[in-house]
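S.K.: In the order they appear, the protein sequences are chains A and B.
Heads up: the first sequence at position 91 corresponds to 91 in this note's numbering, and the numbers run straight through without jumps.
For any residue, its number in this note's numbering is found by taking its place in the second sequence, counting from 1, and adding 1000.
Don't take each hint at face value.
As the list claims (entries may be wrong) - Pairwise CB distance ranges (calculated):
| hint | chain 1 | residue 1 | chain 2 | residue 2 | range |
| --- | --- | --- | --- | --- | --- |
| 1 | A | G94 | B | F1212 | 25 to 35 Å |
| 2 | A | Q102 | B | E1113 | 37 to 47 Å |
| 3 | A | G49 | B | K1015 | 39 to 49 Å |
| 4 | B | L1070 | A | G94 | 41 to 51 Å |
| 5 | B | A1029 | A | T55 | 46 to 56 Å |
| 6 | A | T55 | B | R1009 | 19 to 29 Å |
| 7 | B | G1218 | A | A98 | 41 to 51 Å |
| 8 | B | A1021 | A | S8 | 14 to 24 Å |
The hints are simulated quantities; they were obtained by calculation from the structure and are not laboratory data.
No residue lacks a Cβ here, since even glycine has one placed at the ideal position from N, Cα and C.
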Amino acid sequence: MHELSIVSSVVDSVTESLAAYPGARVKEVRLRVGALAAVVEDSLQFCYGIATEGTPLAGSVLVVRTLPVRVHCVPCGQDVEIESLQSFRCPVCGEPAADLRQGRELEIESIEIEEAEEAVGP
Amino acid sequence: MTTRIVELRRGILKKNDELAAGLRQRFMAAGVLVLNLVSSPGTGKTAFLERTLRDLKARGLRVAALVGDLETDNDARRLAASGAPVRQINTHGICHLEAEMVGKHLEGWELGELDYLFIENVGNLVCPSSYDLGEKIRVALLSVTEGEDKPLKYPTMFNSADAAVITKMDIAEPCGFDRELALKNINEIRPGIRVFETSAKTGTGMEEWLNFLVKERGRAR
């Protein structure tokens, strides 16, 4: 239920970055969200429209890339993707794997902006 | 018009993470062991904490607690009966505690005069998992009345925990609690995690829990 505050942080953060691109319009905001980040995409999308209203992000598209959970399997000596969030085991050898390597990410990957034409001097 | 892609690679909760990192440094410098207690509403976090505060004080240890709730200071008043300094954090609708709220409520406390600080989070097994509070140990609690599959339903929280506590063991039998299954499920989500089976009412399992706290504090210093 904290998606609105997550989205508000995204709006603040992107707005801050826009200072370097005066007059730019945001077309797309891309997030990387781990499967264990406790964030629901539908809810993010729902809140996004509300949170961006009246900001430079208004009308932009939110793209959420979900990252699967990866753990390090000691016996196999490699990072593996688990098959289900209900079992933290190596899908190859079946051993429990406690060492999480990916899945908690909650970050803004990039933004796509449309820059204003530079004013042409006389 | 030119279209451009700007790489940001920025953590969305960066502000909270930075504040939490600052708190963690302060806690370590002061030598206070900080624990963040998370569970569903009704698991018995407050009863467990009341007992923990009382028992630690009886061992001559210096304890304090911050307790988060949407509304009321009922829990703070219950916990204060232990004689420990306690402060209530009312979130007024926010479903989790954030590092900033913790920092604000520590004002005026001399951390160097504490051995343990417990932070009782808002009862919620989802949102608090994303917010680092600067704690050393995150403890996920589960009561025998909740169903043994709770860890499977809330893997984001149970996977982020450093220790797990099963509460209300005194009524495990009448509730038909399947202990083996609960332990198996906890381990399926967080392999190798330390699990304490406790009853705040009868004191079952408290000795083991307190010994763990004492050992962890020794390790943290």
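S.K.: All the hints need checking, so say for each whether the structure fits it.
M.R.: Results of checking the hints against the structure:
1. A:G94 to B:F1212: 25 to 35 Å: Holds, since G94 of chain A and F1212 of chain B (Cβ atoms, about 30 Å apart) stay within the stated range.
2. A:Q102 to B:E1113: 37 to 47 Å: Once the Cβ atoms are compared, 41 Å apart, the range 37 to 47 Å for E1113 of chain B and Q102 of chain A holds.
3. A:G49 to B:K1015: 39 to 49 Å: This hint is violated: roughly 23 Å between Cβ atoms.
4. B:L1070 to A:G94: 41 to 51 Å: Given about 43 Å between the Cβ atoms, the range holds.
5. B:A1029 to A:T55: 46 to 56 Å: violated (39 Å)
6. A:T55 to B:R1009: 19 to 29 Å: Taking Cβ atoms as reference, T55 of chain A and R1009 of chain B lie about 21 Å apart, which means the hint holds.
7. B:G1218 to A:A98: 41 to 51 Å: Taking Cβ atoms as reference, G1218 of chain B and A98 of chain A lie about 23 Å apart, which means the hint is violated.
8. B:A1021 to A:S8: 14 to 24 Å: holds (21 Å)
Checked against the numbered hints above, the structure violates hints 3, 5, 7; every other hint is satisfied.
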